[in-house]
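S.K.: Could you build all of it, start to finish, from the sequences and the hints given here?
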Amino acid sequence: MGELTPFNPTGRKELDDLILEFLMYREKMSNAKSRAEMEYHYNMAIRVLEEARSKREE
Numbered sequence: 001m002g003e004l005t006p007f008n009p010t011g012r013k014e015l016d017d018l019i020l021e022f023l024m025y026r027e028k029m030s031n032a033k034s035r036a037e038m039e040y041h042y043n044m045a046i047r048v049l050e051e052a053r054s055k056r057e058e
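Counting along the sequence shown from 1, when you hit position 41 you're at 41 in this note's numbering, and nothing is skipped either side.
Calculated directly from the structure, the hints in this document are not laboratory data.
Model, not experiment: these values are computed from the prediction.
Beta carbons: idealized from backbone N, C-alpha and C, even for Gly.
Accuracy of the hints is not assured; some may be wrong.
[Said to hold, decoys possible] Pair by pair, the computed Cβ-Cβ distance ranges are: (1) GLU57 to LEU23: 20 to 30 Å; (2) LEU20 to TYR40: 11 to 21 Å; (3) GLU58 to LEU20: 10 to 20 Å; (4) GLU57 to LYS33: 31 to 41 Å; (5) GLU57 to ARG35: 14 to 24 Å; (6) GLU57 to SER34: 29 to 39 Å; (7) TYR40 to LYS13: 16 to 26 Å.
[Said to hold, decoys possible] Quick list of in silico lysine to aspartate or glutamate cross-link-like pairs, EDC-like style, CA-CA up to 20 Å: (8) LYS33 to GLU58; (9) LYS28 to GLU51; (10) LYS28 to GLU50; (11) LYS55 to ASP16; (12) LYS13 to GLU50; (13) LYS55 to ASP17.
M.R.: Structural data, given as structure tokens:
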């Protein structure tokens, strides 16, 4: 699977980009081949959700 987020020259992630990134990690979590891999993608998804929450509060 390729990168889901569109090219962003400013480097700032918009809320839509964060949603796509979360969905990507959720997909990778469901396709994980080991518990460690699943936990890694779960933690990354949580990080993205926290980033989206802080962006929404701005």
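S.K.: Give a verdict on every hint.
M.R.: Hint-by-hint comparison with the structure:
1. GLU57 to LEU23: 20 to 30 Å: holds (21 Å)
2. LEU20 to TYR40: 11 to 21 Å: Holds - the Cβ-Cβ distance for LEU20 and TYR40, about 19 Å, lies within 11 to 21 Å.
3. GLU58 to LEU20: 10 to 20 Å: holds (19 Å)
4. GLU57 to LYS33: 31 to 41 Å: At 36 Å between Cβs, range holds.
5. GLU57 to ARG35: 14 to 24 Å: About 33 Å separates the Cβ atoms of GLU57 and ARG35, which means 14 to 24 Å is violated.
6. GLU57 to SER34: 29 to 39 Å: This hint holds: roughly 35 Å between Cβ atoms.
7. TYR40 to LYS13: 16 to 26 Å: Between TYR40 and LYS13, where Cβ atoms are some 20 Å apart, the hint holds.
8. LYS33 to GLU58: violated (37 Å)
9. LYS28 to GLU51: holds (19 Å)
10. LYS28 to GLU50: Status holds; Cα separation ~18 Å.
11. LYS55 to ASP16: Given that 20 Å is the threshold and the Cα spacing comes to 11 Å, the pair holds.
12. LYS13 to GLU50: holds (13 Å)
13. LYS55 to ASP17: holds (11 Å)
In terms of the numbered hints stated before, the structure departs from hints 5 and 8, listed from lowest to highest.
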